[in-house]
Amino acid sequence: MNAGPQGPADERAVAPDVHRIEPVMGTVVVVDIYTGGDPVPADVYRRLARARAVLHRADAVFSTWKRESPVSRLRRGEVSLEETPPDVREVLELCASARDATGGWFDPWAMPGGVDPTGYVKGWAAQKALDALVGSGVTGALVNAAGDIACSGSPSPGGPWRIAVADPSSRAGIVAVAEVTRSIATSGTYERGAHLVDPRTGLAGTRVASATVTGPDLGRADALATALAVGGDEVLPLVGGLEGYEGLTVQRDGTWSATPAFPFAAGGTPDEVARLLAGG
Amino acid sequence: MRRTPIVLAATAAGLAGVLGFHTKPAKVAVGVSPAGTTGAAATGGTAAGSSTGSGATRAPAPATTAPARSSSAGRRSATGTRSATGSVVNYNYGLMSVKVTASGTKITSVTIATLDDGGNSLSQSIDQQSIPLLEQQAVRAQSASIQGVSGASYTSAGFVQSLQFALSKLGIK
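Top to bottom, those sequences are chains R and H. One point on numbering: in this note's numbering, the residue at position 177 of the first sequence is 509, and numbering is uninterrupted. One point on numbering: in this note's numbering, the residue at position 129 of the second sequence is 169, and numbering is uninterrupted.
This is chain R alone, in the form it adopts within the complex:
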């Protein structure tokens, strides 16, 4: 930022070449594609269409709000797991892996009303959508599913993805800035904070105000962030022990903890951001 000599819109411009806001899965998913300033090849739009289809299919299969979705029918016991689409079995296997990796702090089988993979699906679908976008002509791509973000490549030549972490105590604030190479997920924040359930008690609640996880796969990062929000700082070492994953927790009073290798951007730790925003 504050790039030295001013100039017209050039290769440093941050606006994506394709920007789409897709209402799906009960929220909005932002898709940004960077092509390095070249005209956008038609093939990129074909991949964008595939990415959108991935998101809408995930919505149709996994929605617990759509009464006739396969997952809704599975939850009501109307179909067996074997009768559901392969996507459902894939996601539940990934959920089981995440449950084991988090010592049960992420547990879709402990949700009220039967198995509920919702906490995994949004990130999983966004990751699949991103994977569908990547290809020739794309120098960078990002899928932001309501604050859970998967990215690939780079938004500008050599530049990292810089993703702010929302302040759990303020609707509009930020609390940190991370450099992200693959994905980042945050759970338990101001805007969506009331939906997390502690699998050990069955009650809604979190031990930290918000929990953020970075790592190679957004579905898993999403699940880990949920576990970290519900379980609190005792889950941090579990997250840090998983290859490629790092975690950050923020308390409502602004205190925070992070795994040693959490990828804060330069000047992006909570302390530095707080100083900056205080007028420093």
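Hints were generated in silico from the structure; no laboratory data involved. Please read these numbers as outputs of a predicted model, since none were measured by experiment. Ideal Cβ placement from N, Cα and C applies to all residues, glycine included. Careful, some of the hints might be misleading.
From the structure, some residues in chain H lie toward chain R, with a derived Cβ separation under 10 Å [as the list claims (entries may be wrong)]:
1. S123
2. S127
3. A153
4. G188
5. V189
6. S190
7. F205
Take a look, some chain R residues computed to stay more than 10 Å from chain H by CB distance [stated by the list, open to error]:
8. A385
9. R405
10. D432
11. K460
12. D480
13. G490
14. P500
15. A510
16. G576
17. P592
Keeping the supplied structure of chain R fixed, place chain H upon it in accordance with the hints.
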């Protein structure tokens, strides 16, 4: 209970995903608002049940769409101060666009250029709370150099998107 009806509105809106949407087949499209806030306001102030879904009985969202790129080119004055207005974006409580003024590459002010929240009183109260904060933080953190906000479902994301378009017009990274 620390949650206010405003928080409930956001939660309920986020869960009300079963509504039908349509989008425009344009390169850049702004979709229909995920849900009007009116229904959420009408559900009252209790947070009970929000763990899995107080949004089940919601009215359909108004079918609002807007052109995405309101392309006004960046303007440069004789003093070196420039301004540009970003695209109109959906920010969950309506549609808004952001105007940025910069001196050189330094952001000097960020304001809301257009705001259409349908006259909803709940969303207006949210606007009054959140938008000044967003403006303040964008200027102080020069947050244009971020590509997203993790954990910010709606408002901040929409703001940042419009901000990015405005800054791009000004050639500011």
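Is G576(R) truly not at the interface, in the sense that its beta carbon sits beyond 10 Å from all beta carbons of chain H? 17 Å, holds
Restraint check, 10 Å cut-off on beta carbons, for S123(H) near chain R: This hint is violated: S123(H) lies away from chain R, its Cβ roughly 14 Å from the closest one there, beyond 10 Å.
Closer than 10 Å between Cβ atoms is the bar; does V189(H) clear it against chain R? Give me holds or violated. Holds. Min distance 5 Å.
Whether K460(R) stays farther than 10 Å from all C-beta atoms of chain H, as the label says: 18 Å, holds
Using Cβ atoms only, decide whether F205(H) comes closer than 10 Å to chain R, and label the hint accordingly. Nearest chain R Cβ about 5 Å off; hint holds.
Restraint: A153(H) near chain R, CB-CB cut 10 Å. Satisfied or not? 16 Å, violated
Least C-beta distance between G490(R) and chain H, which was stated to exceed 10 Å: 12 Å, holds
Assertion that D480(R) lies farther than 10 Å from chain H (Cβ): 7 Å, violated
Please verify that the nearest CB of chain H lies beyond 10 Å from D432(R)'s CB. 24 Å, holds
Minimum Cβ distance from A510(R) to chain H greater than 10 Å, as the annotation requires: 7 Å, violated
Over 10 Å from every CB of chain H: does P500(R) meet that, or does the non-interface label fail? Given a closest Cβ separation of 7 Å, the condition is violated.
Was the hint right that S190(H) lines chain R, CB cutoff 10 Å? 4 Å, holds
The structure does not agree with the numbered hints 1, 3, 12, 14, 15 stated previously, though it agrees with the rest.
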